[in-house]
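Number of protein chains: 2
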Amino acid sequence: MKIQTVISPIAFDQIESIEDKIVVVIDILRATSTITTIIDNDAKALIAVKDELSARKYINDNYLVGGERNGETIPGFDFGNSPFDYKKDRVRDKTVVLTTTNGTKCIEMSSNANEVIIGSFLNLAAIVRYLKEKKKDVVLFCAGWKDKVNLEDSLYAGAVALKMPKFDKDDSTLLCMKAYEISKENLFETLQDSNHFKRLKNKGVVKDIQYCCSIDTTDVVPKLKKGLIQK
Amino acid sequence: MKIQTVISPIAFDQIESIEDKIVVVIDILRATSTITTIIDNDAKALIAVKDELSARKYINDNYLVGGERNGETIPGFDFGNSPFDYKKDRVRDKTVVLTTTNGTKCIEMSSNANEVIIGSFLNLAAIVRYLKEKKKDVVLFCAGWKDKVNLEDSLYAGAVALKMPKFDKDDSTLLCMKAYEISKENLFETLQDSNHFKRLKNKGVVKDIQYCCSIDTTDVVPKLKKGLIQK
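For the protein sequence lines, the chains are E and B, in the order given.
Residue numbers for the first sequence follow our numbering, beginning at 907 and rising by one.
Residue numbers for the second sequence follow our numbering, beginning at 907 and rising by one.
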């Protein structure tokens, strides 16, 4: 079995035979961390959409809708993009629609994969356990930012791969593993240099970022099935 | 000033205003290490070409021509691709034509840059010194292998950037810096896991790889001018 890391979406085409592989979609700040939280808090399902307009179609009694514009909850929406917005008493048994540009794109691009699961530091050990049990080739798909490499997504890919010593790795994966190895004791501090951190920090979401660096807070493995993300 | 790392050629398009930037072309195993060696050994100039056919046109008394096929010097050529082939007494004052698939491609792609220089571990400190003096934005252009990320090229990008603390860095660069930081004491051992190492090892060029991991053996900075690489 092997692990390949797609270090940004422009490298996704390089993966062959995607239909035999499990794809882990990674968008640490904040999409896949927020999705993990929402599913862990017992939402019935989550639908990831790529923009405000697509989300707006779901504004009715059957859905809760989340999205931000310039760091503020979009008027008419139920939540912003912060994982803290999605408390258990609000999302339990509900279907949540979440706008996420980079994350949604990767989920859509992976649609032919054997399986698509959602990874974050919150469910790191659970993801690793799941992948080991499945015994299939793995693609760690970093959403990045506007098709560019993101430090936090790459470090997470490294974190997953480091825990899977028996899998063969491509050089992208080895690079991420090396970088995570030296960063793992100071994950939050390391991310403070990243460009994404600087962008989000300006919007005052440092608490969100700290939360997204929490490791193994849940065992949930969100999976994509027919457009819905569920336990 | 800033440093951006093009982690594989498919990301090169993401660089804006290339005409204002200095590009360091990086193809550690073995093109840019061999080119550094050839220029250090006082060749008059080097012409990088992308394949055997292009090189063959130069077979005449005015040029020395280097290239390999399946690990052997191509019949009719003067050298293979090993840096050890290019001794000073053979290349001094000569123009050498070298076939290199990935390296040549990057040199051609960079042709609109303000300046193109050739980086390897052999001239690491010299490259850093040169870049600091120029005070321009820098692009570390990793040739990779067949458009994929290469561990050794990424680690070299990290090595350069680590020595340039005053420059802003993009996340690709930060990733490479982290990976180099933990690998620098064991560069050769780290590269043994890389896919390129495994491919070349099968061709018996372990001695070449060890050589390409030697740091600061020369002060030469090969530069591209009108298709010729020179001191």
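In short, the hints are calculated from the structure, not lab data.
In this text the structure is predicted, and so the values were computed from the model without any measurement.
Just so you know, not all the hints are guaranteed correct.
Any copy, or any two copies together, can satisfy a pair, since identical chains are not distinguished.
Only pairs whose alpha carbons sit at most 20 Å apart, straight line, appear in this in silico SDA-like list of lysine to any residue [what the hints assert, rightly or not]:
1. LYS1054 to MET1015
2. LYS1090 to LEU1068
3. LYS1054 to ILE921
4. LYS1054 to ASP1074
5. LYS1054 to ILE916
Going through the hints against the structure:
| no. | hint | result |
| --- | --- | --- |
| 1 | LYS1054 to MET1015 | both (16 Å within a copy, 19 Å between copies) |
| 2 | LYS1090 to LEU1068 | both (11 Å within a copy, 19 Å between copies) |
| 3 | LYS1054 to ILE921 | both (17 Å within a copy, 11 Å between copies) |
| 4 | LYS1054 to ASP1074 | between (25 Å within a copy, 16 Å between copies) |
| 5 | LYS1054 to ILE916 | both (8 Å within a copy, 11 Å between copies) |
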